[in-house]
Amino acid sequence: MNDVFMNTYHRLPVTFSGGSGSWLTDSNGKRYLDFTAGIAVNCLGHGYPPLVKAIADQAAKFNHVCNYYQSDVSVAFAEKLVAACSAAGMRKVFLGNSGAEANEGACKIARKYSLKKYGPGRHQIVTLRGSFHGRTITTLAATGQDKFHKDFGPFTEGFLYIPGGDIDALDKALDRNTVAGILIEAIQGESGIIPQTAEYIAAAAKFCAERDILLMFDEVQSGLGRTGTFLACEAYGIKPDIVTLAKGLSGGVPVGAVLAGEKAADVFESSDHGSTFGGNPLAAAAGLVVLETVTNPGFLKEIIRKGDKITAAIRSWNHPAVKEIRGRGLMIGVDITVEAWPILEKAITRADAKTPGLLVLSAGPNTLRFLPPYTISDGEIDQGLEILRSCL
1 MNDVFMNTYH RLPVTFSGGS GSWLTDSNGK RYLDFTAGIA VNCLGHGYPP
51 LVKAIADQAA KFNHVCNYYQ SDVSVAFAEK LVAACSAAGM RKVFLGNSGA
101 EANEGACKIA RKYSLKKYGP GRHQIVTLRG SFHGRTITTL AATGQDKFHK
151 DFGPFTEGFL YIPGGDIDAL DKALDRNTVA GILIEAIQGE SGIIPQTAEY
201 IAAAAKFCAE RDILLMFDEV QSGLGRTGTF LACEAYGIKP DIVTLAKGLS
251 GGVPVGAVLA GEKAADVFES SDHGSTFGGN PLAAAAGLVV LETVTNPGFL
301 KEIIRKGDKI TAAIRSWNHP AVKEIRGRGL MIGVDITVEA WPILEKAITR
351 ADAKTPGLLV LSAGPNTLRF LPPYTISDGE IDQGLEILRS CL
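Every letter in the sequence shown is one number past the one before it in our numbering, and letter 192, counting from 1, is 192.
There's no promise every hint is true.
[Stated by the list, open to error] As a list, the in silico BS3-like pairs of lysine-lysine whose alpha-carbon atoms are at most 25 Å apart:
| id | residue 1 | residue 2 |
| --- | --- | --- |
| 1 | K239 | K108 |
| 2 | K323 | K309 |
| 3 | K92 | K172 |
Hints are computed from structural coordinates only; laboratory data are not their basis.
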């Protein structure tokens, strides 16, 4: 592997040079079926023709304008994104570059909302144990996993971690005198595809409404149709105050978004927040294609159907290495009795000139994570699952 990069990733032994649809090709010409979509980023697969055309057409016009001004494509993208999130009560959006940036923006909105309305001291943000909200100093502070905190303190203060599913702990933590907001992943991705229960989410919404605490959903991994509804929180019948998005929002071009509902839409004022590349025209052009595709109700139904097909197939194996399957739509976690990482390696190293490999993810030491492109075919699902079965 190339040693010019800093040693930040535990990389698998493959270097890619091309891709098409649900497939990637390495520098030696070997092919791999992609069940990762770049960790939920390439939601329409690789080389999706409408996406390629939109990016190329926009690049021929201009790649960037600064945020002193607006661009026609960014305005169109923002309007379409807010409309797509309107069922969850969203009214306005701030565009940035990444999920971490989106989550920092959400925390800033919550704190300013409370400061303006109640004065100093009401700034705490509650998050859940097992959560993952980013790798900046502040979003690491928001992340409720100790393993990510080692070596990087001191962190931004004012974050409190509580166990998911414990309504009594939730009630106690959401103190109306000290808490500005709670940030929740409807389905925790990095810790093993852990869904929150409907009862827990309903309790969080009730407590927040009663105590004027902002209810914020981190939908960086679970949003954009990944779980079969445009936003995962929609499946709970909840209208949060803030939603954060990134990853698949522009199908592979870096982008992040903070959306706010009625209560929080006008908290930010001029110069309160900013992002050099936020609203980038290339990302906006790509995002318009993603939104046009994913917001189709029939397309969302297919995501649910394909996810059900994967989970039903794995259950039908009755494999002794498979302990539990969790998730919704095409966000699936499979707990296994052995370590996950060697399975990832085996699925890649099996590839040769005639035999394809498989790309899958881990989510913790003993969980396999599937986040395939939405465009994956039934035949590709069957082929990928057979490869996986042979590796267990």
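**Asked** Does K172 lie within 25 Å of K92 when you go C-alpha to C-alpha?
**Response** 31 Å, violated
**Request:** Would you check the hint for K323 and K309, treating anything up to 25 Å between C-alpha atoms as holding?
**Result:** Status holds; Cα separation ~18 Å.
**Request:** Please work out if K239 and K108 have their alpha carbons no farther apart than 25 Å.
**Result:** 20 Å, holds
The structure fails hint 3 only (numbered hints given earlier).
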